[in-house]
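Asks: Sequence:
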Amino acid sequence: MRVLITGSNGFVGIRTVRAAQQRGWQVVGLGRAAAPSCDVDHYVRHDLTHPLPPDAVPGEVDAVVHAAALASPFAPPRDFVRANVHGTRHVTAWASARGRVPLVHVSSSSVLYRDADQLDLTEHSPVTPDAEQLNAYARSKAVAERVVADYAGPWSVLRPRAVIGEGDTVLLPRILRLADRGLLPVLEPRGGPRVRVDLTDVGTVAEYLVRAVDRGVTGTYNITNAEPVELYPFALDLLARIGLRPRLRRIPPTLVRALAGCGEHVSAHLLGHREPPLTRFGVSVLSRSKTFDVTRALRDLGEPAVPLATSVDRLVADWTRQRALARG
0 MRVLITGSNG
10 FVGIRTVRAA
20 QQRGWQVVGL
30 GRAAAPSCDV
40 DHYVRHDLTH
50 PLPPDAVPGE
60 VDAVVHAAAL
70 ASPFAPPRDF
80 VRANVHGTRH
90 VTAWASARGR
100 VPLVHVSSSS
110 VLYRDADQLD
120 LTEHSPVTPD
130 AEQLNAYARS
140 KAVAERVVAD
150 YAGPWSVLRP
160 RAVIGEGDTV
170 LLPRILRLAD
180 RGLLPVLEPR
190 GGPRVRVDLT
200 DVGTVAEYLV
210 RAVDRGVTGT
220 YNITNAEPVE
230 LYPFALDLLA
240 RIGLRPRLRR
250 IPPTLVRALA
260 GCGEHVSAHL
270 LGHREPPLTR
280 FGVSVLSRSK
290 TFDVTRALRD
300 LGEPAVPLAT
310 SVDRLVADWT
320 RQRALARG
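Reading the sequence shown from the start, the letters are residues 0 to 327 in numbering that gives the first Met the number 0.
Treat the hints as calculated values from the structure; they're not laboratory data.
Keep in mind that this is a model prediction, so the values were computed, not measured.
Possibly wrong hints are sitting among the right ones.
[To be verified] Label-pair restraints from in silico Cβ distances:
id: 1; residue 1: Leu270; residue 2: Thr168; range: 16 to 24 Å
id: 2; residue 1: Thr253; residue 2: Thr309; range: 32 to 40 Å
id: 3; residue 1: Arg77; residue 2: Val169; range: 16 to 24 Å
id: 4; residue 1: Asp213; residue 2: Pro172; range: 42 to 50 Å
id: 5; residue 1: Arg31; residue 2: Pro57; range: 15 to 23 Å
id: 6; residue 1: Arg193; residue 2: Glu274; range: 21 to 29 Å
id: 7; residue 1: Thr253; residue 2: Asp213; range: 44 to 52 Å
id: 8; residue 1: Leu247; residue 2: Asp54; range: 56 to 64 Å
id: 9; residue 1: Arg44; residue 2: Arg326; range: 19 to 27 Å
id: 10; residue 1: Asp116; residue 2: Ala316; range: 14 to 22 Å
For each residue, glycine too, the CB sits at the ideal point set by N, CA and C.
Can you make the complete structure from the sequences, with help from the hints?
Replies: Listed below in structure tokens is the structure:
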């Protein structure tokens with residue numbers, strides 16, 4: 000098996016390269032950097048905001064894992080379109096030109112999000128209309144899914160939820176930065192339901208991607224670790240294990256959402272889309288329950304490769320090491 004992995008230098012891409020190599024596959028990595036971040040059999044330097052020539056990847060390719068994306072809670076909308084929509088279109092065009100190579104596309108569970116509690120979402124749950132998506136990232140991933148659905152070759156779409164692990168820069172590190180300041184805002188209603196969420200270890204995502212290639216599955220799959228947790232007790236336990244015990248302050252989500260909206264407006268119009276301290280998407284993540292029915296993934300792709308407890312142990316070790324290095 001010879002597989003092309005786009006975004007091979009990224010958080011998910013590096014783990015997917017390793018998972019493929021553990022099966023003895025040859026891996027062609029593709030990324031924008033001048034050199035690969037991990038060992039691959041062949042590396043193609045290319046920016047997927049531009050078309051990928053059919054001969055850009057030498058030799059036969061048996062499958063493509065499209066993991067390249069701009070994944071950020073805040074950036075200029077046009078950047079998400081170029082990276083996530085145009086990039087996906089260029090990958091499907093290349094795969095079509097090379098004989099309709101099977102394609103596994105990394106999407107996001109955020110295509111289903113609304114600013115509300117959502118429990119046991121399935122693959123049949125409606126994708127949020129573009130105009131109602133919570134942010135430009137989610138909107139671009141929803142459009143990219145439609146691009147994949149129009150691809151004439153075999154395809155599958157995997158929607159990981161809240162990917163965590165060593166190297167994560169998006170989800171838990173933001174909570175860590177807040178706790179480092181000594182205060183953690185709690186955006187749960189007093190006396191109301193706990194915020195309950197699904198998480199996914201990056202190793203689980205990588206293993207599911209290579210299983211999707213190996214088993215030739217088609218269609219859409221929700222991907223989680225199938226172990227929902229209560230967000231704030233989970234986060235507080237994780238922080239305590241690295242020696243952080245921040246004060247908790249319960250704040251009405253509506254107030255924080257309004258402040259985040261003001262921050263986004265200022266950033267977009269005056270600060271060149273620099274990410275504000277908190278976004279409306281971030282407020283929704285911290286205040287709304289999101290769980291997923293992964294029956295289809297468990298049936299077709301098997302159990303998660305990395306238990307959540309193992310993921311947490313690795314995170315604690317990684318964060319402890321980083322903090323020790325920072326202190327010198």
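Asks: None of the hints should be skipped; say for each whether it holds.
Replies: Hints, verified against the model:
1. Remark: the range hint 16 to 24 Å for Leu270 to Thr168 is upheld by a beta-carbon distance near 20 Å.
2. About 37 Å separates the C-beta atoms of Thr253 and Thr309, a value consistent with the hinted range of 32 to 40 Å.
3. For the pair Arg77 and Val169, the beta carbons lie near 20 Å from each other, so the given range of 16 to 24 Å is met.
4. Asp213 and Pro172 have their C-beta atoms about 32 Å apart, which leaves the hinted 42 to 50 Å range violated.
5. Distance hint for Arg31 and Pro57: a CB-CB separation of about 19 Å, consistent with the stated range 15 to 23 Å.
6. A C-beta distance of roughly 28 Å is found between Arg193 and Glu274, which places it inside the suggested range of 21 to 29 Å.
7. For Thr253 and Asp213, the Cβ-Cβ distance of about 47 Å falls inside the hinted range of 44 to 52 Å, so the restraint holds.
8. Checked against the hint of 56 to 64 Å, the pair Leu247 and Asp54 passes, with Cβ atoms roughly 57 Å apart.
9. Roughly 37 Å separates the CB atoms of Arg44 and Arg326, a value that falls outside the hinted 19 to 27 Å.
10. Our hint of 14 to 22 Å for Asp116 and Ala316 is violated, since their Cβ atoms are close to 33 Å apart.
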